[in-house]
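Novice: Each chain, letter by letter, is given below.
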Amino acid sequence: MADGALLARPSVRDVLTQISRGGEGLSTTVEDATRAALARLAAAAPMPWYLRFLIGAGAWVGASFLLSAILGLILLASGERLNSVAFVLGCLFIMASVLLRRRVNTPFLTQLALVVSSTGQILVIGAVGSATHSVIAGGISAIVSSSVLIVWFPDRVQRFSATLVVFGALAVVIADHRIAHGMDAMALVVLVLTLSLWRFAPRGFTLEHADLVEPIGYGLVIALLGVLATHTIVMMANLHEVGWLRLGPMSIVAFIVALLALAAAIFVEHGVQLVRVEAMAAFAGIVLLGAITRSTPAIVATVLLLVLGFDRRARTLIALATVFFLGFGAAFYYDLQLTLLQKSGILMLSGALCLAAWAVVRTRRG
Amino acid sequence: MTDPLDQAATPKRIRVATEAAGFPPPLARRAMAVAAASPAVEAWTQFLTLALLLLGAALLLSGVISFFAFNWATLGRFAKFALIEGGVAACALIGWWRLRDVTGRVALFAAAILVGPLLGVFGQTYQTGADPWGLFAAWALLIAPWVIVAGFTPLWMLEVALCDVALVLFWLQVPDLDSSEVLYLFSLLAGLHAIAGAAWEWQSHRATPWLSARWAPRFLVATAFGFLLVPAISFVLDVVAAGPARTFGFFALWLAVAVSIVVYRRVREDLFMLTVAGGSVLIMLTVGFGRLLFDVLKLDISGGLLMAMFVLVEVVVAVAWLRRSVRAEVE
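Chain order of the listed sequences is A and B. Going left to right, the first sequence walks through residues 1 to 366 as this note's numbering numbers them. Going left to right, the second sequence walks through residues 1 to 331 as this note's numbering numbers them.
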């Protein structure tokens with residue numbers, strides 16, 4: 001939605017000039033030293049994504065054969081003690097992969113470490129689940145092993161997927177035990193964590209620990225979109241037998257409050273008083289949007305992600321939010337219990353309102 | 001070459017820059033905060049106006065489409081033609097008026113899209129009895145002049161997509177083929193994409209290229225390899241009915257690999273294209289070795305271990321070769 005210029009960050013020169021000597025500019029010596037350091041950083045840039053994809057795909061295909069061979073060997077050798085052997089082996093794999101990943105930086109070895117860690121995690125979760133015949137025990141082992149990997153395995157892909165495993169495990173437990181309001185609780189946890197990590201945590205901390213925060217942040221966003229998609233599918237397909245997977249009023253209100261809080265934080269950062277007409281109009285618009293689209297809370301949630309993405313200049317988040325916003329928007333209109341003629345009227349009215357708002361903002365800007 | 005100081009201030013660059021400049025920690029933290037600040041008020045306003053404009057236009061257009069969809073059955077044939085032709089003409093006029101900016105090109109794209117429904121209504125009204133492939137072929141043919149004058153990458157990709165659909169429908173409906181010959185379709189689609197990709201590369205060598213986006217030829221070449229892999233894998237695994245189509249696809253794939261390596265190493269260095277060709281080779285080698293171990297030699301656990309080693313080694317060799325193959329890695 002937003003083009004490159006809109007999302008452009010200030011240049012390194014702009015930032016350094018702004019903070020050094022009251023904006024008088026950098027000395028030639030400092031400029032040269034900085035330029036040389038940045039050139040070295042550029043030269044050491046990671047290889048292109050498609051080459052990394054090729055390496056990653058190769059490592060994963062190789063690992064799947066390795067995993068099946070190892071499982072076959074365990075099956076042959078351990079007999080009755082299959083689960084304990086798988087658990088011990090899984091723990092060893094995780095430990096070995098952590099040690100390996102902390103020592104290597106080449107693409108292939110990092111992928112190998114990733115594969116070994118994932119293999120270890122699968123062995124641990126499978127062994128615990130199979131030995132206890134308990135989804136909760138399996139879920140706990142998934143959450144514990146993922147937490148270990150998030151903290152000690154310094155890899156963005158692993159941290160992203162481990163975050164997804166944590167919330168995937170929670171979702172499985174909720175689904176298996178049909179926990180009432182379980183999805184609401186999960187949505188709330190994901191929402192609070194998402195907003196905290198992306199916007200409200202001290203910026204110095206998040207920037208300092210970007211390698212940890214960013215992949216977890218994207219994992220949380222995907223988990224949130226998963227929860228929203230589940231709710232929308234259950235609602236649209238009238239799946240009454242899994243109706244407890246739907247989000248309730250608690251989540252709907254939470255998404256609206258979260259968007260209000262985000263908007264308020266942005267206004268405050270720009271020194272706009274919250275009682276000014278722009279801020280009040282934005283708050284009123286958010287509440288109105290939330291009230292109208294309450295059957296599809298995903299709309300407010302994806303608007304929240306879109307605003308968050310623009311605020312943090314995160315192109316991937318903007319792209320994800322836009323795609324899901326369009327999907328959920330289409331679902332909302334499709335699901336309205338109205339004739340096509342009535343829907344066309346509502347669509348045209350919504351469009352006219354947006355265009356009127358566009359004209360107002362444009363006039364004020366001019 | 002861009003001055004490194006003019007690059008965007010990402011956290012990593014700011015960290016490196018403040019260290020190199022010898023800034024004390026409080027100043028470095030301030031630099032980080034400045035780099036990570038929310039976009040300026042002007043940027044927010046621009047973002048908001050753009051979002052509202054796009055959303056408003058999309059909703060209004062959807063409302064109009066829904067309105068006519070509701071009343072479609074009651075509309076007479078002239079009203080139907082007038083509606084669609086009016087849309088085509090309006091979009092084409094906007095395209096003609098603002099051809100050199102994105103508004104005009106998007107309008108021309110919309111006009112090109114509307115030609116399809118127009119042909120559909122024409123066929124429905126006059127019961128032409130034409131095959132569906134003919135509709136897509138005529139659609140592609142009719143929009144070709146717009147595609148040429150617009151110089152707009154998405155419009156070119158629409159043209160290729162229409163040709164693809166026409167070819168698929170023709171191949172499945174017109175010639176009376178046995179099941180093995182259907183596989184020729186993948187080679188034909190690959191050939192179509194290869195021609196489009198070659199045309200793209202040709203025009204990009206002009207003094208003033210009509211189109212400059214690299215994603216389009218890359219997409220065309222990647223999909224061409226994807227199409228060729230279907231008959232080639234089927235040849236190696238001996239699945240799907242035997243016949244010359246899969247043999248042809250198998251050899252066509254190796255020819256495409258050879259041509260890509262020559263072109264994208266010697267004529268125009270492009271690591272992406274080489275990675276696609278290399279990835280196809282890896283897939284073929286893996287499939288072939290897998291068949292040898294599991295189907296011919298009937299190995300089980302040891303086969304899995306050998307396959308794991310084989311895949312890891314081939315990837316290491318391929319990546320080392322790819323990185324050596326181009327002097328400058330093309331992003």
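Warning: the hint list may mix true and false statements.
Restricting the straight-line Cα-Cα distance to at most 20 angstroms, the calculated cross-link-like pairs of lysine to aspartate or glutamate (EDC-like) are [what the hints assert, rightly or not]:
1. K12(B) - D176(A)
2. K298(B) - E201(B)
3. K12(B) - E208(A)
4. K12(B) - E269(A)
5. K12(B) - D335(A)
6. K12(B) - D14(A)
Keep in mind that the hints were calculated from the coordinates and are not lab data.
Novice: Are K12(B) and E269(A) close enough, with their CA atoms no more than 20 angstroms apart?
Specialist: Violated, at about 23 angstroms.
Novice: Does the structure keep K12(B) and E208(A) at a Cα separation of 20 angstroms or less?
Specialist: holds, 9 angstroms
Novice: Is the hinted pair K12(B) and D335(A) satisfied, with a Cα-Cα distance of at most 20 angstroms?
Specialist: violated, 45 angstroms
Novice: Can you confirm whether the C-alpha distance between K12(B) and D14(A) stays at or below 20 angstroms?
Specialist: holds, 16 angstroms
Novice: Assess, step by step, whether the Cα of K298(B) is no farther than 20 angstroms from the Cα of E201(B), and give holds or violated.
Specialist: violated, 46 angstroms
Novice: Are the Cα atoms of K12(B) and D176(A) separated by 20 angstroms or less?
Specialist: violated, 43 angstroms
In summary, the numbered hints that this structure violates are 1, 2, 4, 5.
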